[in-house]
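Number of protein chains: 2
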Amino acid sequence: MSLFYPRSEEEVSNIVKSCDKHKVPIVPYGGATSIEGHTLSPHGGVCIDMSLMKNVKALHVEDMDVVVESGIGWMELNEYLEPHGLFFPLDPGPGATIGGMCATRCSGSLAVRYGTMRDNVISLKVVLPSGDVVKTASRARKSAAGYDLTRLVIGSEGTLGVITEVTLRLQKIPQHSVVAMCNFPTIKDAADVSIATMLSGIQVSRLELMDEVQVRAVNVANDKNLPELPTLMFEFIGTEAYVREQTLIVQKIISEHRGSDFVFAEDPEAKKELWKIRKEALWACFAMEPEYEAMISDVCVPLSRLAELISCSKKELDASPLVCTVIAHAGDGNFHTVILFDPNQEDQKREAERLNNFMVHTALSMEGTCTGEHGVGTGKMKYLEKELGIEALKTMKRIKNALDPNNIMNPGKLIPPHVCF
Amino acid sequence: MSLFYPRSEEEVSNIVKSCDKHKVPIVPYGGATSIEGHTLSPHGGVCIDMSLMKNVKALHVEDMDVVVESGIGWMELNEYLEPHGLFFPLDPGPGATIGGMCATRCSGSLAVRYGTMRDNVISLKVVLPSGDVVKTASRARKSAAGYDLTRLVIGSEGTLGVITEVTLRLQKIPQHSVVAMCNFPTIKDAADVSIATMLSGIQVSRLELMDEVQVRAVNVANDKNLPELPTLMFEFIGTEAYVREQTLIVQKIISEHRGSDFVFAEDPEAKKELWKIRKEALWACFAMEPEYEAMISDVCVPLSRLAELISCSKKELDASPLVCTVIAHAGDGNFHTVILFDPNQEDQKREAERLNNFMVHTALSMEGTCTGEHGVGTGKMKYLEKELGIEALKTMKRIKNALDPNNIMNPGKLIPPHVCF
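Which chain is which? The protein sequence lines are Z and S, in order.
Residue numbering for the first sequence is 1 to 421, as defined by the UniProt record's numbering.
Residue numbering for the second sequence is 1 to 421, as defined by the UniProt record's numbering.
I should point out that these hints are in silico values taken from the structure, not numbers from a laboratory.
It should be emphasised that the depicted structure is a prediction, and the values quoted were computed from it without experimental measurement.
Honestly, I wouldn't trust all of these hints.
Since the list gives no way to pick one copy over another, a pair counts as held whenever it fits inside one copy or between any two copies.
Straight-line distance between alpha carbons at most 16 Å, and here's what the computed EDC-like set of lysine to aspartate or glutamate pairs gives [claimed, not checked]: (1) K315 x E346; (2) K272 x E82; (3) K224 x D132; (4) K135 x D342; (5) K394 x D404; (6) K135 x E385; (7) K23 x E308; (8) K315 x E82; (9) K17 x E391.
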């Protein structure tokens, strides 16, 4: 496998053109934080690592947008934006790059308020398999000018081209924010509060759920003493008065569902600390079983089904010999589990797969999706036909074939191998 | 031209299959409120009128979504939803259907708060040119399961298939709302206030601009007595306290830009009346020149350029012998003009085209788009290459050819005829 570190769109184009000529597979490479096998290279070939292309090309404060090279990390970008009172509101794993986030249509805890990558990209520049460079849209906030090539590339996981430049929609850093936590006797109560909060019309900016096992992991890893019960974490933003009003409304909902009083974090350091804990939940799990690996599930269902999905998954997880934690972006109906297993023990690996499989099929039976935000890669290919039907997959394959006739772009990912047209 | 009124997806599929076999062009037909020539049939063929497919198939109140057949009108749908405390937040011309709104990626005055059709559709069912039916996504709010076929079809203007079913994301009817108007000595002041309001981080739900000519038309048509000056109309939503807070913040911005005091509408009838006036602005123009036709421009630029675009357009419009009014969805940078002309006078027609052309090229020079929300149809094809470049158009053509090899779906629209690959 050859590794390239291009420094410009032109260099990317030259590499791709040459690979296309010689039919050499290409794996575009961002922060490699994805966990569904997106950056594997089952067919060998060339890896284009975008880490040297991380310039901010233009910041338009009045338009609240920024033009960046695709290799920049979202955390670096937010450091750059902070002095301007702006931020980019998607927060996947630390280390993820903007290009990778586009490729996988990522989201994270703020998606409940700001939407996913789909909603926050204005325009892309993409090197196609031919080496030609496409600009997908103008810099206007909205447009009805032809096929939505921006959205076609977002979520295409490097199978249609290499993203070199991204124009992102930014948000104002909120005047005021409050983080509040509360816990519940059962996870169903916590899920029900999530549903009731969304139905109330309140625009929370975050609504995260952790089960008691995940809270225990957080305690162990961070030397904390949080009550080891199903827990919701809220973030409310806006003017000070509006934040207070939202808090009161949600507090009332919580009290109707057997929840504890809110514990608040208001000073900036305390808030940062709390979200850091949530952000690092996965690492906290490893604190419990340092030698183990984690399988992370990622399903999403219509909100009304979330309580049911979590309840029946919990039953299965609690009955398993493996240590499993639950973390959900509950406001979106997006539900993760971290399943810890010993990679040296075949039966544990199989059990982790069985649990993951169980949750995917349960979600699909509830009109949900096999992947809320982690993408298809190689890990979820086997579920796509059940979710979307063969005609949708054939349509994807037709598009892939039209744009990449030599199948050089990240082959073996996203479209299941049995699909033909 | 043969006309079909299918009653089911199966009937649509049979018509399409048969047309594909005999290479007969198809024009899918919704409310026909589009004004860029989308429903013309330059190649004859078959028109599939969706007006008999307007059932609500499922309402999921807890998930805040609804599954409808594509022929239903957005106004009918909102009547159906109102008793449930929900609404669908896009408001194009009265008469537009949900299917047509998907096909043209429409938006309207509420897009500043809720986004465009792109952001408010969860899933589609589409009859492809082969007659096969594709479901584009699950009913989950977010998903990373493969290519975004939903967004590919939204804005494809009937050139990729016939939309038969749409799952829409709904919104809670706001607890409280206030409509407020104010006027300004110059249109630049009004545009500057729009920019400053958006930058303040306040989430207005509507922010509409009318110039003094449009206000005059409104007065004539509705027997009103509004001050004939550049005018902004705001809508604020939320809890009562939050609405008051937003109003005060914007009032302060207005006073810093030479604006008048707010005139408020708070009771439901007064608010409805006011938005009705705005909604019927086009008809108000015809009240001034009943025998004339209207050319309606539709450009959109990054917000920071809006004041400049409007100012230089106004100069051109005011100098023209034709009567021209300005209406803008100012919060989005989306700017319309209504240009009235006598269809029997060739020079007037030419002048209207010259003005439209002037505004498109000015918008494109400001990194804007030739169509903010009306779509390409036949009217905007000639500008697409300048806006997006030939590589983007070739990519669109490749996709079109892959999915519709016989070019039966709405041929002659969206992709300029000179594009080949």
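Hints, one by one, checked against the model:
no.	hint	result
1	K315 x E346	neither (23 Å within a copy, 75 Å between copies)
2	K272 x E82	within (14 Å within a copy, 41 Å between copies)
3	K224 x D132	neither (53 Å within a copy, 56 Å between copies)
4	K135 x D342	neither (46 Å within a copy, 39 Å between copies)
5	K394 x D404	both (15 Å within a copy, 13 Å between copies)
6	K135 x E385	between (31 Å within a copy, 11 Å between copies)
7	K23 x E308	neither (48 Å within a copy, 49 Å between copies)
8	K315 x E82	neither (43 Å within a copy, 39 Å between copies)
9	K17 x E391	between (31 Å within a copy, 15 Å between copies)
The structure fails to meet hints 1, 3, 4, 7 and 8 from the earlier list, while all remaining hints are met.
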